[in-house]
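Residue numbers (my numbering), protein chains in the order written: chain A, 1 to 385; chain B, 386 to 715; chain C, 716 to 1006.
These aren't lab readings, by the way, just hints derived from the structure by calculation.
Incorrect hints may appear among the rest.
Think about it this way: if two alpha-carbon atoms lie no more than 25 Å apart in a straight line, the pair counts; the simulated DMTMM-like pairs of lysine to aspartate or glutamate are [unchecked claim]:
no., chain 1, residue 1, chain 2, residue 2
1, A, 120, B, 661
2, A, 73, A, 324
3, A, 217, C, 719
Stretch-level coverage of chain A by chain B, calculated; a stretch enters the list once three of its residues show a Cβ under 8 Å from a Cβ in chain B [what the hints assert, rightly or not]:
no., stretch
4, 68 to 75
5, 88 to 98
6, 104 to 113
7, 169 to 181
Short derived list, chain C residues pointing at chain B, Cβ under 7 Å [unchecked claim]:
no., residue
8, 777
9, 801
10, 995
Owing to the predicted nature of the structure, the values given are computational and were not obtained by experimental measurement.
We put the beta carbon where it would ideally sit given N, CA and C, even for glycine.
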Amino acid sequence: MKRLELVAVLAASVACSAARAEDSVTIGVHASFSGAGAAFAQGMLAATDFAAEDANKDGGLDVAGKRYKILIKQYDDRYRAQDAVTAMDRLMIQDGIHFVVGPMGSAAAVATKDQSTSGKIITMTLAFTPRALGADAPFAYRPVITTGEFSDPQVAWLMKNTPSKQVVSLLPNDETGQQIGVANFNSYTKAGAKLQVEYFERERVDFVPILTRILMKADGLELGGNSPTTAGLILKQARELGYRGPVFVTGGDVAAEMLKVAGKDAAEGTYVHLPIDTSLPDTAAYVARFKAKYGPNMNGFSPFFYAGLQMLFTAMKKAGTVDDTTKIATTLDGLSDVPTAMGKAGWTGEQKYGIKHQIDLPFYVGQFKDGVVVKVATCDVNACR
Amino acid sequence: MTFRTTEFRPMQYAGIAGAVALAALLPWLAPNLFYIHLATLGCINLMLVLGLAIIARAGQLSMGHGGFALVGGYVSALLSMRGWSPLLSLFIAGFVAAAIAAALGWIILRLRGVYFVLVAFAFSQIAVLLALDMSSLTGGANGLVGVPPISIFGHALLAKPQFYPFALACALVTLGLTWVLYRSPLGTMMAATAENQRLTESSGIDTHRVQVIAFTIGSGIAGFAGALSTHYLRFISPDSYTFWESVSYLTMLVVGGRDGVLGPVVGVLVLTPLPELLRATEGLQHIIYGAMLVLCLMFVPNGLASLVQTWRSRQRVVRPSAAVVAEEAP
Amino acid sequence: MSMETILVQTVVNGLMVGMIYVLMAIGFTMVFGIMRIVNFAHGEFYMIGAFLFAILYGSNELPFVVSLVLSVAATALLGLLMERIVFRRFRGNELNGMIASVGVALILQNSALLLWGSSSRTVPSVVSGVLSVGGIVFPWSRLVVIIGAIIAVVSLNFLITHTRIGRAMRAVAQDAEIAQVQGIRVDIIFPVAFVLGVSLAAFAGVLMAPVLSVSPFIGLAPTLKAFVIVVIGGLGSVPGAVAGGLLIGLIESFAGTFVSASLSEILQFLVVIGVVLLRPQGLLGRKEREA
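Please build the complete structure, drawing on both the sequences and the hints.
In structure tokens form, the structure reads like this:
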């Protein structure tokens, strides 16, 4: 319908504003800018901002001989399904946008899935739920690596390299927490160990009662899936209770904040998931760019979205269109070894989700040694080495 | 309570008919589906705010309104996912919410106003917690996906222009019933209870019962509306109705006005589109909500609808001034 | 860990959390008892106290006592401002006062979000190390919270029972009109009570900041707890707030340690319903006059 309108406008060849609108592509950012997830939303917006900046630097994105200026429109879904649907509607219908960075939360991704699929909107979600991707959603992509990808290889590696057998995990009682809890449980079982998962209300900041109980018979503590501050806080409180066993954080980008919160002594020896390798020059450049514009606290997912957009723009150029999303999606599906800020990226996930829409990038395991994180293993979806 | 005593004149009938016709024709008038979506949300919000208004009419304030919507949403989602007709499960949802409200209200409404607020608030928190914890039934934090759409005579209301007339009909029926309720003897007792509980009690009216009934009706409407919204979005999760949702219904009620049926309509019309104006901002919309709430209470304590009424009564003979805001003596 | 250690630690932890709740509940119940306002924004003052302390002590590294005094004083000032601008108009008007306080809570919480961002931050511990008694260890950081809270409660109690302003406050709480007739300047008592309540909340926030973490969203949970406690202890009753706070703290600690965290929330709700059914005036509350 929108395209018909556009054709009509073109045919009449009126107002120069319409002509200018034709030479631009707007990317929607659909995330929770207010509320507890705001840091993630900020990271997604920054990535879009940088990707747009890159494209606009040389006069716009060059597609089929035309230069398209990249514009951004961001909407807050207030971390609620109802608002997520409203915001997606507005992006699709009101603003006629074809490309959306988001939705951010799992609830938002699931609630808007049918809607964006029927509108043929290419989405790039942060949602960790397996249900965000699927053969029934041919336009939904996930540019971040989730528990589904990194849990198995990391846990297998950790259980091989540490003596832990009875591991306990503390997770927030929300969608992400519950998903990670189930995924981690399965990974530990596969690795021949036992994981006991304990959920706490999201607002909780005092973990001593729970820790007192669960650490009684544990020889390992898993904190992956918590926010960096929470993971640090739990670690600090566990050490205060006298826990000396190994600690694993198999998810998130927690290293820096954890060190700050828990302190050097408490953090010593802890294994952490490293989503990005700052020894890669492109990745380091992105981190520096973020710091210069948005301050020192970069959300670990931000460079992933930047990489995802790099892939999307590559696909748009290759497909030679900016509004035929079916063609762009088909082209995007076929991409592999695309050079991005995070290294060479492609798609995976056929086995797990029934569709190859999950980004394929390496990730790493690090360990605190004298207050510094040292990379101890490099992983892909199959194994860590 | 000027609204109750006001007799409608032909002019007003025409106005109401015009407004309803305008709302009904919206799918043809609106430039696109987004506006229809907003209008549908407005209808759902109106039902929730009317529910709250009925409770307020009897002099109480429910800070757990979202909790009842959540209960209704889950009940209807679970039943319809097990093969029940959504049209039927909507009503069951309303009844379940009403039954919980009746039991809870019977216990806590024996106490003075403030206790009621606190316990209703605590109830809504517990409802969220249970939805999170009983994950085998409720899907936990992930919520329930793929809730069946409402279908009428085998015709599923999937698309927005199809759902909207149904939502509008529900909202109008609720509005009409509320109006009838306010003019019934029970409505009079409710208003009297709000005005002066002790005096009403001494005239032989069981004010405890009146308040329990008001709470039951209002919460039942919330349960129904929560279910309606769930079938519209075809999704529900514990985050769907939190404390802050209860606060936004309260804001709509206070900004619109607590005295008649016009207040909720005005409140919903003003505050449903408001978040859209501010969607691109971060956090600012909540501050504006808060400020509107406080400023309204300070300067227009009877809500925007009372401005219309003041203007109207000034046009005619001097009437007794608008009723003082419902309040109990300490 | 041995069973005794766990038991003792559970008690200590319950007392710590309980004492923080006591501080919150006393302020809450005082404002209600004197101004007849249910303050939904009470927890936001806790949050602001904690945030200011995190900035002064954590980021700017001012001395502990200076940071503490400045944080509480600044929050108290904000409280005074809110009392002047908003709350005083609604005193005695329970329903509208309560709604207005929800508006204030929205404004304060989201202003903090805009001003300080959403990510939670932590504050370095004021004291470190553990106290070891007979093989049982207590982290000093938690003992400090308990000690600080006890000092605050005792001084408040002295203020209420042994000073003129305290006696005046009690008189106003009992009956504002009669108090006024007897020459008590009610106009002064209201802001004093409100600022005192807010200061207690801010002090609780400062005490908790180094032990836990600080974000704009930490205010709602202690507000809810204060509600539950005053319903249990009796609205307007300070001893009731102390008893209720410790009870809730211990329930939370024991249920959290031995069963599960969310069970403790449900248990608390049931306690509330039970109290309302069996002893509507609260465990230690006076019987309310019939309304």
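Hint check:
1. The hinted pair formed by residue 120 of chain A and residue 661 of chain B meets the criterion: a straight-line CA distance of about 23 Å does not exceed 25 Å.
2. Taking the CA atoms of residue 73 of chain A and residue 324 of chain A, the gap is near 20 Å; set against the 25 Å cutoff, the hint holds.
3. Under the criterion of a C-alpha separation no larger than 25 Å, the hint pairing residue 217 of chain A with residue 719 of chain C is consistent with the structure, at around 16 Å.
4. With 3 residues bearing a CB less than 8 Å from a CB of chain B, the stretch 68 to 75 of chain A meets the requirement of three and the coverage assertion stands.
5. With 4 residues having a beta carbon nearer than 8 Å to a beta carbon of chain B, the stretch 88 to 98 of chain A meets the requirement of three or more and the stated coverage holds.
6. Using a Cβ-Cβ cut-off of 8 Å, 4 residues of the stretch 104 to 113 of chain A lie near chain B, which meets the minimum of three, so the contact claim holds.
7. Against chain B, the stretch 169 to 181 of chain A contributes 7 residues with a C-beta closer than 8 Å to a partner C-beta. That satisfies the three-residue criterion, and the hint holds.
8. Given the 7 Å rule on beta carbons, the hint for residue 777 of chain C is violated: about 28 Å separates it from the nearest Cβ of chain B.
9. Taking 7 Å as the C-beta cut-off, the interface hint given for residue 801 of chain C holds, the closest approach to chain B being about 6 Å.
10. Here the hint on residue 995 of chain C is kept, as its CB sits about 5 Å from the closest CB of chain B, short of 7 Å.
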